[in-house]
Amino acid sequence: MNALLQVRKLSRHYGQRIGCQDVSFDLHPGELLCIVGESGSGKSTLLNTMAAQLAPSAGSIRYRQKNDAWLELDALSEADRRRLAREEWGFVTQNPRDGLRLNVSAGANVAERLMALGMRDYGRLREIASSWLARVEIDPLRIDDAPTSFSGGMQQRLQIARTLVTQPRLVFMDEPTAGLDVSVQARILDLLRRLVNELGLAAVMVTHDLAVARLLAARTMVMQGGCVVETGLTDQILDDPQHPYTQLLVSSVLTT
Amino acid sequence: MTPTYNFAFLDENTKRMLRRALLKAVAIPGYQVPFGSREMPLPYGWGTGGIQVTAALLGPDDVLKVIDQGADDTTNAVNIRRFFARTAGVATTERTAEASVIQTRHRIPETPLREDQILVFQVPEPEPLRTLEPREAETRTMHALADYGLMHVKLYEDIAQYGHIATSYDYPVLVDGRFLTSPSPIPKFDNPKLDHSPALMLFGAGREKRLYAIPPYTQVESLAFDDHPFEIQRWEHQCALCGSGESYLDEVVVDDCGTRMFVCSDTDYCGEHLAEAVA
Amino acid sequence: MYVAVKGGEQAIARSLELLAEARRGDPATAELELAQIRQQLRLGVARVMQEGSLYDEELAALAIRQAAGDMLEAIFLLRAYRTTLPRFGYTEALDTTRMRVRRRISGTFKDVPGGQVLGPTYDYTQRLLEFGPTVPIATVEAEVPLAEAMPRVLDLLDAEALIERIDAGADPEPVDLTRKPLMFPANRATRLQNLSRGDEGFLLGMAYSTQRGYAESHPFAGEIRMGEVDVLVCPEELGFAIEIGSITLTECQMINQFHGGNGVPPQFTRGYGLGMGESERKAMSMALVDRALRCDELGEPAYAPAQNQEFVLSHSDNVEASGFVQHLKLPHYVDFQAELSLLRTLSAQHVRHASDRHQAVPEQALEESQA
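Protein chains in written order, with this note's numbering: chain A, 1 to 256; chain B, 1 to 279; chain C, 1 to 371.
The reader is advised that the hints may include incorrect statements.
To be verified - Computed footprint of chain C on chain B, listed as stretches where at least three residues anywhere in the stretch have a Cβ under 8 Å from a Cβ of chain C:
#, segment
1, 9 to 15
2, 30 to 43
3, 72 to 86
4, 126 to 136
To be verified - One-sided and incomplete, this derived list gives chain A residues near chain B with beta-carbon spacing under 8 Å:
#, residue
5, Ala-79
6, Arg-82
7, Arg-101
8, Ser-105
9, Gly-107
10, Ala-111
11, Met-115
12, Leu-125
13, Asp-144
Because the hints were derived from the structure by calculation, they are not lab data. Each residue gets a CB set at the ideal place from its N, CA and C atoms; glycine is no exception.
Using the sequences and the accompanying hints, generate a full structural model.
Here it is as structure tokens:
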């Protein structure tokens, strides 16, 4: 099968400091890849560079569009970047407050991407927004409530609904469950696993938690100091970690 | 006419700069053209953009009408008319039908305009997205990419909260199917007059240094949803002076018991209508 | 019976007469002469020239008199007049190292080549109101005259490579903000031009905020100098520069700590301020705000109002600000009427909903009792 995203020898530096270095991999349609590492390992830099929010210092990223044409992301125009972000991609931020419009209702948050794509039927927008709220386990009666009146977990589920409502082909997720209670985390991970399967999404998720990878991802990449130290099937990495750093991560997961 | 100043105050090079910017504005309907707005002897926010456009348009044979809130006799309208009478010596009129150039603040005359007339709007804030996005660099990008989903978020939110779109003036329009544009703070009652108008409509924002235009017979669509179409204000009253049931009405408090009366905001239209009724 | 508001023209004429009368005051008191304003209100004249963007003491004095001392109104008058003036050309860049200094102080070194020169300053006046008539004072000529040209204090640090180098020639040709609209992002030359025309009070408040934690600036007053600088123009037909006169200027160079970032090594950085006449407060404020606005170039976290160039540059101009704030005096009948009818609709709707809810309560209670 053809890849959706091809990353080759990608590096991003901040002056002298290395953000990420020489990263290469392919992502296929319907695949969920987890990037695991502790804070400062370069995983968020990598994610933001892939999502064309940071310019790479070296290397290339190619994305295969809906029409099968390949797009070089380092030469991406602002117009194309916004079009992709609107029509083909989604981005879920760690803090839902960064990804939501806090001054408008939950319904408007979910409907925004549909309106950006030109949907002009208010009744239909409400219908879709309601069904998506239900899908992420938010009471549709709260459609007109402000996101600020939601709990942290609800806000994150709202952000997920807002991102997935247009059925993007590729979703980037930056630690979507960090900062939430363990029980709330479990519910969101469960929800994500279900939605990713149902919609057949390709997704890249950054996490510091190997347990998250175990639950969601077929494939996992382990990063340390800006470099990928190990990559492979998640089961393989968990059962037979090769790199000492991965071994350390795995042992800490298994003991908990 | 004051002889020490050039005709219509501005020097000819500045007028040429303005005309070039206006031509560009006409060529790209609804696009906000940045221009080197000059400092005028009237304060910013009081019509400096409209005054510069009018100064660039006026020739000795023009007949100028100036209205504010639809009326010719409000102080600011009087002052601007005085300014051009003094610096350009052009003929002025209060009759919509007689004017070749009409400078306006907040209204479009009720009397239908013709192809040989130009309407000049004074614009305080040319950017319809400004209250939703304060950064100029960002709003310019949004226009460049026709990235207008945000405007509909606002309209959606209005309906969700109030049952209908709660914008009553400066109601955003899409010009020629391309640029989201502010019609200036006219009541939405006047928006339909923008669509396919025979008269050229020019907009000047002096403080914000932007000009834009709606050329004659251009499609101007007031934003709405398919199932919540655009609607204009309606009154239960008729004008207490001329009896018109079709014009935009001003509400006037006539005594200290709160008694109200409703009269036409367009004073020329009201007078004409009254004369016809009497005749 | 309602009578439509008529007679605007006449009302304006009467208002102008009242204004003229109020401006002149008691005719028994002599009218201010422009020379008096120029000489005895020279700091006011300097501000009007600077923010009016026109170096002409006579016209500034005239504007101050016509504006009855309202500085913003005087600035406005001067700017409107300036619009009508023909543009013959642009001067060469002013060389403030060749300033004939009358005041020069540094907060960073105890002594500097050329010395600290207090000059005429209000700094040490003790601010006691002087009730008697002003007594003419005979100044005493110094035994040793001041040096013809004084080195800039910041150039001393430059020799040690401790302060950023600003290559004089490297700046882009500045756009003329009175001819071209301000566009974002604005480069430093454009920002400085905007700040230089900006309102002194606005800049003072912005500068003050950078000292109170809204932007990290750690400033030192490297050097403030005031004096006369020659103005040169190079007419095309001559091909060489000629001096057309000299103007009084105040220049401030701030030194700011910088820990390095965005590829720039740790070093001192500069903030720059320049104003016409004796305008020390303005020049210092401008230098602080200029430095704060360099946050992007230096890779500093930008979170404070004074670091936001759209915020600062869009709101610095007092003619724009004053006009737009005061335009609220103009009639807004039409838009107010539109809002009024909207509010009536919303309020009627609110009442309807409230009564619906009120009626719904018994039903709900019934359901619950049945359950």
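Tested hints:
Counting residues of the segment 9 to 15 of chain B whose C-beta lies closer than 8 Å to any C-beta of chain C gives 4; at least three are required, and the coverage claim holds. Against chain C, the segment 30 to 43 of chain B contributes 9 residues with a C-beta closer than 8 Å to a partner C-beta. That satisfies the three-residue criterion, and the hint holds. With a threshold of 8 Å between beta carbons, the proposed coverage of the segment 72 to 86 of chain B by chain C holds, since 8 of its residues qualify and at least three are required. Three residues within the 8 Å Cβ limit are the bar, and the segment 126 to 136 of chain B against chain C gives 3, so the coverage statement holds.
Interface hint at A/Ala-79: satisfied, since its Cβ lies 5 Å from the closest Cβ of chain B, which is below the 8 Å cut-off. For A/Arg-82, the interface hint holds, since its Cβ comes within 8 Å of a Cβ in chain B; the closest pair sits about 6 Å apart. The closest approach between the C-beta of A/Arg-101 and any C-beta of chain B is roughly 7 Å, which is under the 8 Å cut-off, so the hint is satisfied. The restraint placing A/Ser-105 at the interface with chain B holds, with a minimum CB-CB distance near 5 Å, inside the 8 Å limit.
Nearest Cβ of chain B to the Cβ of A/Gly-107: about 6 Å, under the 8 Å cut. The hint holds. At about 6 Å, the closest approach between the beta carbon of A/Ala-111 and any beta carbon in chain B falls short of 8 Å, and the interface hint on this residue holds. Interface restraint check for A/Met-115: the shortest CB-CB distance to chain B comes to about 4 Å, inside 8 Å, so the restraint holds. The criterion of a C-beta within 8 Å of any C-beta in chain B is met by A/Leu-125, whose closest approach is roughly 7 Å, and the hint holds.
Residue-level restraint check for A/Asp-144 holds (minimum Cβ-Cβ distance to chain B is 5 Å; threshold 8 Å).
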